[in-house]
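Please take these sequences and the hints and turn them into a complete structure.
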Amino acid sequence: MSSPQNAAPQASVGAPLLSVTNLEVRYGDLIGVADVSLVVPKGSVVALLGSNGAGKTTTLNAIAGIVPASKGKIEFEGQAIAGQPAYAIVRKGLALSPEGWRLFVQQTVEANLLLGATPLADKSQAPHLLQKVYAIFPRLAERRLQRAGTMSGGERQMLAVGRALMSAPHMLLLDEPSLGLAPAIVESMYETFQKLHKDGLTILLAEQSVDLALEVSDTAYVLQVGKSVLSGSARELANNAEVQRIYLGAGH
Amino acid sequence: MSNTLLQVIVSGLLLGAVYALFSSGLTLIWGMMNVVNFAHGEFVMLAMYVAFMVYTSLGLGPAASVPIAAMALAAVGMASYFLLVRHIMKGPMLAQILGTFGLSLFLRYSAFWWFGSDFRTLPDTLVGSPFQFAGLRLDAPRLLAGVVALFVTLGLHLILTRTSLGSRMLAVSEDATAAQLMGIRPERMQAAAWGLAAGATGIAGALIATFFYTSPTVGETLAIVAFVTVSLGGFGSVPGALVAGLLIGLVESVSAYKLGPVYKDVVVYSLFVLVLWCRPQGLMGKM
Numbered sequence: 026m027s028s029p030q031n032a033a034p035q036a037s038v039g040a041p042l043l044s045v046t047n048l049e050v051r052y053g054d055l056i057g058v059a060d061v062s063l064v065v066p067k068g069s070v071v072a073l074l075g076s077n078g079a080g081k082t083t084t085l086n087a088i089a090g091i092v093p094a095s096k097g098k099i100e101f102e103g104q105a106i107a108g109q110p111a112y113a114i115v116r117k118g119l120a121l122s123p124e125g126w127r128l129f130v131q132q133t134v135e136a137n138l139l140l141g142a143t144p145l146a147d148k149s150q151a152p153h154l155l156q157k158v159y160a161i162f163p164r165l166a167e168r169r170l171q172r173a174g175t176m177s178g179g180e181r182q183m184l185a186v187g188r189a190l191m192s193a194p195h196m197l198l199l200d201e202p203s204l205g206l207a208p209a210i211v212e213s214m215y216e217t218f219q220k221l222h223k224d225g226l227t228i229l230l231a232e233q234s235v236d237l238a239l240e241v242s243d244t245a246y247v248l249q250v251g252k253s254v255l256s257g258s259a260r261e262l263a264n265n266a267e268v269q270r271i272y273l274g275a276g277h
Numbered sequence: 002m003s004n005t006l007l008q009v010i011v012s013g014l015l016l017g018a019v020y021a022l023f024s025s026g027l028t029l030i031w032g033m034m035n036v037v038n039f040a041h042g043e044f045v046m047l048a049m050y051v052a053f054m055v056y057t058s059l060g061l062g063p064a065a066s067v068p069i070a071a072m073a074l075a076a077v078g079m080a081s082y083f084l085l086v087r088h089i090m091k092g093p094m095l096a097q098i099l100g101t102f103g104l105s106l107f108l109r110y111s112a113f114w115w116f117g118s119d120f121r122t123l124p125d126t127l128v129g130s131p132f133q134f135a136g137l138r139l140d141a142p143r144l145l146a147g148v149v150a151l152f153v154t155l156g157l158h159l160i161l162t163r164t165s166l167g168s169r170m171l172a173v174s175e176d177a178t179a180a181q182l183m184g185i186r187p188e189r190m191q192a193a194a195w196g197l198a199a200g201a202t203g204i205a206g207a208l209i210a211t212f213f214y215t216s217p218t219v220g221e222t223l224a225i226v227a228f229v230t231v232s233l234g235g236f237g238s239v240p241g242a243l244v245a246g247l248l249i250g251l252v253e254s255v256s257a258y259k260l261g262p263v264y265k266d267v268v269v270y271s272l273f274v275l276v277l278w279c280r281p282q283g284l285m286g287k288m
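Residue numbers (this note's numbering), protein chains in the order written: chain A, 26 to 277; chain B, 2 to 288.
To be clear, the hints were calculated from the coordinates, so they are not data collected in a lab. Errors might be hidden in some of the hints.
Unchecked claim - Here are the computed lysine-lysine pairs in the DSSO-like style, where the Cα-Cα straight-line distance is at most 30 Å: (1) Lys98/A x Lys91/B; (2) Lys96/A x Lys91/B; (3) Lys91/B x Lys287/B; (4) Lys157/A x Lys220/A; (5) Lys67/A x Lys96/A; (6) Lys117/A x Lys220/A; (7) Lys117/A x Lys91/B.
Here it is, written out as structure tokens:
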């Protein structure tokens, strides 16, 4: 157990794919994130834990480029990406499945998925990726011509993840994929994430449900009022009294 | 049905198709970015002058002036977006209204300065002389304008609903941030929407010029029809503009025949008020 500044994650799978150093995000006078540092090694699943308002979503949004970082560094595949627009970052292979899904509700499931393929340099991959996403989520194939706005919460979550996968990302950012979903759906969603991980996808997962997140992740970071306060391997954090205290103290 | 009534209905529908086309540009811009383009009538006016110049300098008719006006106005539309609209969109609603209103005055008085205030007309024989078909007397310029307008409006609708470009433009209008996560640059799609809308308006203007007078203020007259068509059809809906355009053309033509030309506007606007009374969002608009 250590503070994030002086420790490399212990269950290191490979070289860092993403590293965030002393990230700060301001919304006018408000501070969304004060000081977050984290490292995501290639091929790993890293969980970002914390209660509501701890800064998980803001951190993911800053990495994806939809909110600007006011301070700090963000490096993806060795390149500084802080300050770049979101449309440029996704083309580098970093895809976000955002909070609240943000689907194009007036368009069909398939149109949403094909929009996800826009960042591809080689557009001829799109039909193949579409089949792959339909194989992962057969439910989406059944509903392909239905408007996204008419789907259930679980189906919307599948579509948000599927849409992010359509850009053939090297790394997937998942913002609270269990939020508001029935337990059975959450379970199958997490099985899917584990499969994707086995196929080599690197994942950074923001999650309020600690048990769920620690089950699938290699390492985890705990955020509290906009700061990364704890990090370690998933096993260590699962048995850590401090984690329980932070959640019980600040969150519930 | 009497032959005269059929004649009246056909010419009403042909005029209505033109109304539909020159309104679809206005409705498209609203649907895409919630901006009312008050310079829309002036875009039509510019296209009419393009048609006029194509005739005076090259001696050519709509076969040349329609594509040239489409390209010229697409360029005007994209320039308006990049130089003006992109900036005023960040401001309050009033800035948007006054911004495009300012653009309309700028274009109108530039036309006075450049072309003078004379009313101009293209020769009646440019498209062809009237002919008989199935017992109907058809005016060649109006027939051409109506048929081309119908196909261009349907084409515009297909671009918006069936192509990848349309899907990306719609994505930007639904959620510009989420669209960025798809690697889409919102500004490019908005510029494309302005180009597409103004290009369609250019086609409409070049067609109208074959049977209507051209002057620097003609945009004002035409813009009223466009605003009525768009609000009747539902702001943002191209199929709505098509249905409303055809309906207005038809009602105008039939009431002019049955009640006299003086009363046609009374009937059209009464219908307009009545429809909006029952359906404030327009025939095919969303609340």
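Are Lys157/A and Lys220/A close enough, with their CA atoms no more than 30 Å apart?
holds, 13 Å
For the pair supplied as a hint, Lys98/A and Lys91/B, is the alpha-carbon distance within the 30 Å limit?
holds, 29 Å
Is the Cα-Cα distance between Lys96/A and Lys91/B 30 Å or less?
OK: Lys96/A and Lys91/B at ~25 Å, within 30 Å.
For the pair supplied as a hint, Lys117/A and Lys91/B, is the alpha-carbon distance within the 30 Å limit?
holds, 29 Å
So if I understand the rule, the pair passes when the alpha-carbon distance is 30 Å or less; does Lys117/A with Lys220/A pass?
holds, 23 Å
Proposed proximity, Lys96/A with Lys67/A (alpha carbon, max 30 Å):
Distance ~24 Å between Lys67/A and Lys96/A Cα, so the pair holds.
Sort out whether Lys287/B lies within 30 Å of Lys91/B, counting only the CA atoms.
holds, 24 Å
Every hint, counting from the list given before, is met by this structure.
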